[in-house]
Amino acid sequence: MDNVSEKTAKNTPEIAPPEYVIEMLHITKDFPGIRANDDVSLQLKKGEIHALLGENGAGKSTLMGVLFGLYSAEKGEIRKNGKAVRIHNPNDANTLGIGMVHQHFKLVHNFTVLENIVLGVETTKGGVLRMDEARAEVTALSQQYGLMVDPDARIEDITVGMQQRVEILKMLYRHNEILIFDEPTAVLTPQEIDELMKIMKNLTSEGKSILFITHKLNEIKQVADRCTVLRKGRCVGSVEVAGATREQMSEMMVGRKVEFEIQKAPMKPGGKAALVVQNLTVRSKHHGKPRVNNVSFAVRQGEILCIAGIDGNGQSELVYALAGLLAPESGRIFLGDEEITRDSVRQRNDAGLSHIPEDRHKHGLVLDYSLAENLILKNYHKRGFQQNGFLRFDKVADYAGRLIKDFDIRSGQGMRTPARSMSGGNQQKAIVAREICEDPKVLIAVQPTRGLDVGAIEYIHRRIIAARDEGKAVLLVSLELEEVLSISDRILVIYEGEIVADLDGAGATAQELGLYMAGSRKGEAV
Amino acid sequence: MSKGTGFFKALGRVSLGVLPSLIAIAIGLAFGFVILLISDSSRAVDGLKMIASGGFTGGMKGTGNVLYFATPLIMTGLSVGFAFKTGLFNIGASGQLLMGAFAGIYVAHNATWIPQPMLWVVCLLTAMCAGALWGMIPGLFKGLLNVHEVIACIMCNYIGLYGVNYMIRNSNIYDRLKNQTVNIPHAAIPRWGLDEIFHNEMASGFKDASSVNGGILIAILLAVVMYFVLNRTTFGYELKACGHNRDASRYAGINEKRSIIFSMMIAGALAGAAGGLIFLAPSNGPSIRVEEILAPQGFSGISVALLGLSNPIGIIFSGLFVAYISQGGFFLQRLNYMPEIIDIIIAAIIYFSAFALLVQNLIATAGRKRSARREREDDADDAAVPEEEAST
Numbered sequence: 001m002d003n004v005s006e007k008t009a010k011n012t013p014e015i016a017p018p019e020y021v022i023e024m025l026h027i028t029k030d031f032p033g034i035r036a037n038d039d040v041s042l043q044l045k046k047g048e049i050h051a052l053l054g055e056n057g058a059g060k061s062t063l064m065g066v067l068f069g070l071y072s073a074e075k076g077e078i079r080k081n082g083k084a085v086r087i088h089n090p091n092d093a094n095t096l097g098i099g100m101v102h103q104h105f106k107l108v109h110n111f112t113v114l115e116n117i118v119l120g121v122e123t124t125k126g127g128v129l130r131m132d133e134a135r136a137e138v139t140a141l142s143q144q145y146g147l148m149v150d151p152d153a154r155i156e157d158i159t160v161g162m163q164q165r166v167e168i169l170k171m172l173y174r175h176n177e178i179l180i181f182d183e184p185t186a187v188l189t190p191q192e193i194d195e196l197m198k199i200m201k202n203l204t205s206e207g208k209s210i211l212f213i214t215h216k217l218n219e220i221k222q223v224a225d226r227c228t229v230l231r232k233g234r235c236v237g238s239v240e241v242a243g244a245t246r247e248q249m250s251e252m253m254v255g256r257k258v259e260f261e262i263q264k265a266p267m268k269p270g271g272k273a274a275l276v277v278q279n280l281t282v283r284s285k286h287h288g289k290p291r292v293n294n295v296s297f298a299v300r301q302g303e304i305l306c307i308a309g310i311d312g313n314g315q316s317e318l319v320y321a322l323a324g325l326l327a328p329e330s331g332r333i334f335l336g337d338e339e340i341t342r343d344s345v346r347q348r349n350d351a352g353l354s355h356i357p358e359d360r361h362k363h364g365l366v367l368d369y370s371l372a373e374n375l376i377l378k379n380y381h382k383r384g385f386q387q388n389g390f391l392r393f394d395k396v397a398d399y400a401g402r403l404i405k406d407f408d409i410r411s412g413q414g415m416r417t418p419a420r421s422m423s424g425g426n427q428q429k430a431i432v433a434r435e436i437c438e439d440p441k442v443l444i445a446v447q448p449t450r451g452l453d454v455g456a457i458e459y460i461h462r463r464i465i466a467a468r469d470e471g472k473a474v475l476l477v478s479l480e481l482e483e484v485l486s487i488s489d490r491i492l493v494i495y496e497g498e499i500v501a502d503l504d505g506a507g508a509t510a511q512e513l514g515l516y517m518a519g520s521r522k523g524e525a526v
Numbered sequence: 001m002s003k004g005t006g007f008f009k010a011l012g013r014v015s016l017g018v019l020p021s022l023i024a025i026a027i028g029l030a031f032g033f034v035i036l037l038i039s040d041s042s043r044a045v046d047g048l049k050m051i052a053s054g055g056f057t058g059g060m061k062g063t064g065n066v067l068y069f070a071t072p073l074i075m076t077g078l079s080v081g082f083a084f085k086t087g088l089f090n091i092g093a094s095g096q097l098l099m100g101a102f103a104g105i106y107v108a109h110n111a112t113w114i115p116q117p118m119l120w121v122v123c124l125l126t127a128m129c130a131g132a133l134w135g136m137i138p139g140l141f142k143g144l145l146n147v148h149e150v151i152a153c154i155m156c157n158y159i160g161l162y163g164v165n166y167m168i169r170n171s172n173i174y175d176r177l178k179n180q181t182v183n184i185p186h187a188a189i190p191r192w193g194l195d196e197i198f199h200n201e202m203a204s205g206f207k208d209a210s211s212v213n214g215g216i217l218i219a220i221l222l223a224v225v226m227y228f229v230l231n232r233t234t235f236g237y238e239l240k241a242c243g244h245n246r247d248a249s250r251y252a253g254i255n256e257k258r259s260i261i262f263s264m265m266i267a268g269a270l271a272g273a274a275g276g277l278i279f280l281a282p283s284n285g286p287s288i289r290v291e292e293i294l295a296p297q298g299f300s301g302i303s304v305a306l307l308g309l310s311n312p313i314g315i316i317f318s319g320l321f322v323a324y325i326s327q328g329g330f331f332l333q334r335l336n337y338m339p340e341i342i343d344i345i346i347a348a349i350i351y352f353s354a355f356a357l358l359v360q361n362l363i364a365t366a367g368r369k370r371s372a373r374r375e376r377e378d379d380a381d382d383a384a385v386p387e388e389e390a391s392t
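Taken in sequence, the protein lines are chains Z and D. 346 is the number that my numbering gives to position 346 of the first sequence; each next residue is one higher, with no gaps. 144 is the number that my numbering gives to position 144 of the second sequence; each next residue is one higher, with no gaps.
Heads up, a few of these hints could be off.
Claimed, not checked - Listed below are the simulated SDA-like cross-link pairs for lysine to any residue, each with C-alpha atoms no more than 20 Å apart in a straight line: (1) Z/Lys382 to D/Val229; (2) Z/Lys362 to D/Lys257; (3) Z/Lys382 to D/Phe331; (4) Z/Lys362 to D/Asn231; (5) D/Lys49 to D/Phe331; (6) D/Lys257 to Z/Lys45; (7) D/Lys257 to Z/Lys232; (8) Z/Lys362 to D/Asp247; (9) Z/Lys395 to D/Pro296; (10) Z/Lys46 to Z/Asn94; (11) Z/Lys45 to Z/Arg346; (12) D/Lys257 to Z/Leu326; (13) D/Lys257 to Z/Lys221; (14) Z/Lys362 to D/His244; (15) D/Lys257 to Z/His381; (16) D/Lys257 to Z/Lys405; (17) D/Lys257 to Z/Asp343; (18) Z/Lys382 to D/Asn146; (19) Z/Lys395 to D/Arg232; (20) Z/Lys382 to D/Gly87; (21) Z/Lys395 to D/Val34; (22) D/Lys257 to Z/Asn94; (23) Z/Lys382 to D/Arg232; (24) Z/Lys232 to Z/Asp408; (25) Z/Lys216 to Z/His175; (26) Z/Lys395 to D/Leu29; (27) Z/Lys221 to Z/Tyr173; (28) D/Lys257 to Z/Arg346; (29) Z/Lys362 to Z/Lys232; (30) Z/Lys382 to D/Thr233; (31) Z/Lys395 to Z/Lys405; (32) Z/Lys362 to D/Gly87; (33) Z/Lys395 to D/His244; (34) Z/Lys395 to D/Val229; (35) Z/Lys395 to D/Phe228; (36) Z/Lys106 to Z/Asp157.
I should point out that these hints are in silico values taken from the structure, not numbers from a laboratory.
Taking the hints into account, I'd like the entire structure generated from these sequences.
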């Protein structure tokens with residue numbers, strides 16, 4: 001798998017022109033058992049937005065970790081303004097003016113915006129905090145860059161988009177010149193993404209330089225000046241974004257041509273309702289408000305119904321209630337004609353409900369079990385896998401072998417590999433294989449492609465569509481708009497626990513969905 | 001692939017599995033030697049020899065006694081190890097053991113209508129049931145109310161201790177003169193000829209027999225049964241799944257509350273059996289003394305389970321080892337070491353031996369590093385050895 005044809009990394013110049021503010025030259029970083037970065041070079045010009053493109057596991061985050069001082073590289077050199085520097089920890093990075101917005105924000109939730117920004121670099125006088133000066137500076141900064149944030153709001157009260165702005169302000173407050181954004185758009189609505197893009201352009205026009213980690217080509221086309229592509233830890237090359245097409249970049253990233261449009265036959269009409277939800281209300285233990293409020297819908301056979309929405313609007317609770325993990329306060333759930341509202345998880349599974357869970361480590365897998373043991377997690381108790389309470393390992397091995405082959409699940413030691421040591425994509429494939437091969441009537445898939453690379457996403461989508469074509473009802477819960485738009489037959493938008501829109505999958509646009517998801521428009525369709 | 005290589009592979013896996021325990025034992029012995037040096041350096045080498053030759057010092061009788069003392073240790077080790085495998089820490093083996101012992105003795109003394117050859121079987125089963133019930137209490141708390149089992153177990157230890165003392169005093173099995181339970185020779189576990197093997201032949205023709213009895217065979221049998229339950233049955237599959245990941249088990253439709261309760265009951269039953277096997281031993285087996293000390297076997301069981309890496313088959317051997325070392329300590333008295341020092345040394349050896357898990361992790365990490373380095377050296381010609389960083 002190592003034949004990287006377009007390897008241009010070796011050609012990096014030995015003497016750097018001074019136009020580069022940061023250069024990472026021939027970086028090699030090993031983790032036990034894996035080489036995360038192999039002779040990777042990256043050069044960032046002053047005032048540019050430089051995208052770092054690659055699939056999951058390509059080594060993007062590792063490379064940025066090296067730059068930010070989270071990891072130290074075995075080989076290679078980092079130069080700032082042409083001078084070699086050593087970065088041992090994030091404090092070193094900070095001193096050099098390198099700041100980073102992590103994928104998962106590092107904020108103190110019960111502190112105010114201002115308190116979070118000054119945390120670690122507080123201005124004090126005789127041990128007493130001097131917040132006034134900080135406040136003035138933060139206000140000035142937010143005006144300069146168009147970051148409208150209330151400095152006295154608590155983090156837990158503001159939106160994710162606002163929290164991201166706080167992270168950006170944190171970097172600006174520390175006078176960072178080089179800003180690293182690690183997949184900043186993953187948690188945002190389309191409108192918020194547009195805002196962020198504007199902010200990023202503002203920042204570069206003020207002389208900041210930006211490194212932007214992503215695997216979304218649209219965003220690169222939208223804002224980036226240049227783009228470095230990583231694949232399997234190696235540098236495939238750097239391109240001028242203006243002169244490259246989406247197709248070219250994706251081919252560099254994946255190593256083969258990728259189909260953007262998923263081939264999907266139109267839905268067969270007239271399927272019977274397979275999963276019916278009536279007036280479901282779910283209240284979680286910690287929140288007073290119902291997390292799912294009086295929700296009703298039906299999924300028909302041969303249909304992919306998607307529930308779209310921003311994370312935390314009740315999707316998880318809805319799915320838990322459907323799967324039997326959380327008891328609903330009121331309402332009824334039917335699988336076909338049978339009511340399953342009070343049934344146990346096992347009864348629901350055996351009645352034909354499959355569930356690809358949101359969190360594959362928490363719910364989806366027993367990480368210390370082998371791959372084979374995980375593949376029978378839901379049907380070990382069925383005849384054929386056990387006899388008089390004894391597991392039949394020969395049958396288990398046959399079944400696991402078949403699934404591994406059918407779904408191309410790759411692992412170090414075959415079915416005996418501990419699930420813990422498998423890659424995320426293959427772990428997810430194992431879960432999908434297990435859930436689809438149970439031959440369910442209804443398949444609930446929550447974020448089935450989260451954190452996967454383009455190839456694996458394409459594969460899992462095809463599998464889900466194939467399940468639909470076999471007449472299974474699919475309930476897809478997704479935060480990724482692209483995913484929602486590309487494979488749904490029908491889309492429901494959930495906002496604060498209520499269904500606010502019921503749209504046809506073919507006609508919907510990202511902008512329209514975005515408005516519903518942000519709660520700024522309410523549909524009458526429900 | 002031929003059968004031969006498969007066998008050697010399996011052998012390799014087993015020896016790799018045993019290696020951490022052996023290293024831990026070596027560290028333990030080294031530490032014991034240091035204490036010997038400190039307390040009396042002139043006899044330290046002899047002392048270490050004495051410990052290392054352990055139970056064999058006493059000839060066949062000594063060996064038999066090792067088996068005798070190993071019996072309850074294997075059982076409590078199984079109890080703790082089984083709970084470990086299912087994600088629970090059963091620190092309540094002492095209480096469960098005592099409950100089992102009381103129930104066993106009570107039945108032995110009172111249920112005299114049961115035919116004699118069967119009586120010990122009934123008593124042992126009663127002991128296991130009592131242990132299971134006592135183990136069920138922390139299980140219920142954990143399963144239904146999410147109270148940590150360590151807290152509930154510790155409380156149950158003391159409630160069990162004082163409860164049993166109270167019950168003994170107020171029942172007909174109390175021997176007021178000796179402040180202990182009555183003898184129950186009629187319910188003794190048969191020796192099954194083991195005394196014919198494990199005894200020392202005296203010059204006068206007298207057989208100096210060890211205390212070994214059928215209990216050791218029962219303990220080994222139960223260990224094998226537990227091995228099969230854990231590794232071959234759907235029940236064991238469920239219990240282990242709950243131990244590894246409670247959320248995933250619930251998601252998969254396993255009744256995780258029931259599994260936790262069952263796990264604790266089985267652990268309790270095994271500890272209860274330990275109690276039964278101690279006090280149903282033949283030839284005036286020991287009696288429960290009414291005193292305020294928790295049964296030490298319950299806590300030794302933790303070391304035994306750790307040294308055996310919670311594997312039931314491994315626990316048979318670690319139980320034997322701990323008994324063997326303790327016997328060696330007993331003979332240290334011949335070298336005029338004070339009993340207190342001996343206790344410290346033995347405790348230290350057992351304690352360090354329980355580091356097997358740590359050693360196992362260290363070996364695993366070292367193995368990963370080595371393979372990573374080899375990979376790196378394979379494709380990097382310059383032999384600059386980069387510094388290793390353990391980050392995840």
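Is Z/Lys362 within 20 Å of D/Asp247, Cα to Cα?
6 Å, holds
Sort out whether Z/Asp343 lies within 20 Å of D/Lys257, counting only the CA atoms.
With Cα atoms ~16 Å apart, D/Lys257 and Z/Asp343 stay inside 20 Å; holds.
20 Å limit on alpha-carbon distance, applied to hinted pair D/Lys257 and Z/Lys45:
59 Å, violated
Taken at face value, is the distance from the CA of Z/Lys232 to the CA of Z/Lys362 at most 20 Å?
Status violated; Cα separation ~27 Å.
Quickly compare the C-alpha distance for Z/Lys395 and D/Pro296 to 20 Å and report which way the hint goes.
45 Å, violated
Distance restraint between D/Lys257 and Z/Lys232, which requires alpha-carbon spacing of 20 Å or less
Roughly 43 Å between the alpha carbons, so the hint for D/Lys257 and Z/Lys232 is violated.
For the pair supplied as a hint, Z/Lys46 and Z/Asn94, confirm whether the alpha-carbon distance does not exceed 20 Å.
Holds, at roughly 17 Å.
Sort out whether D/Val229 lies within 20 Å of Z/Lys382, counting only the CA atoms.
Measuring from Cα to Cα gives roughly 18 Å; hence the hint holds.
Does the structure keep Z/Lys45 and Z/Arg346 at a Cα separation of 20 Å or less?
Measuring from Cα to Cα gives roughly 58 Å; hence the hint is violated.
Measure nothing beyond the straight line between the CA atoms of Z/Lys395 and D/Leu29; if it is 20 Å or shorter, mark the hint as holding.
46 Å, violated
Is Z/Lys106 within 20 Å of Z/Asp157, Cα to Cα?
16 Å, holds
What's the verdict on Z/Lys395 and D/His244, does the C-alpha distance respect the 20 Å limit or exceed it?
The given pair, whose Cα atoms are some 24 Å apart, is violated under the 20 Å limit.
Hint violations for this structure: numbers 3, 4, 6, 7, 9, 11, 13, 16, 18, 20, 21, 22, 25, 26, 27, 29 and 33, all remaining hints satisfied.
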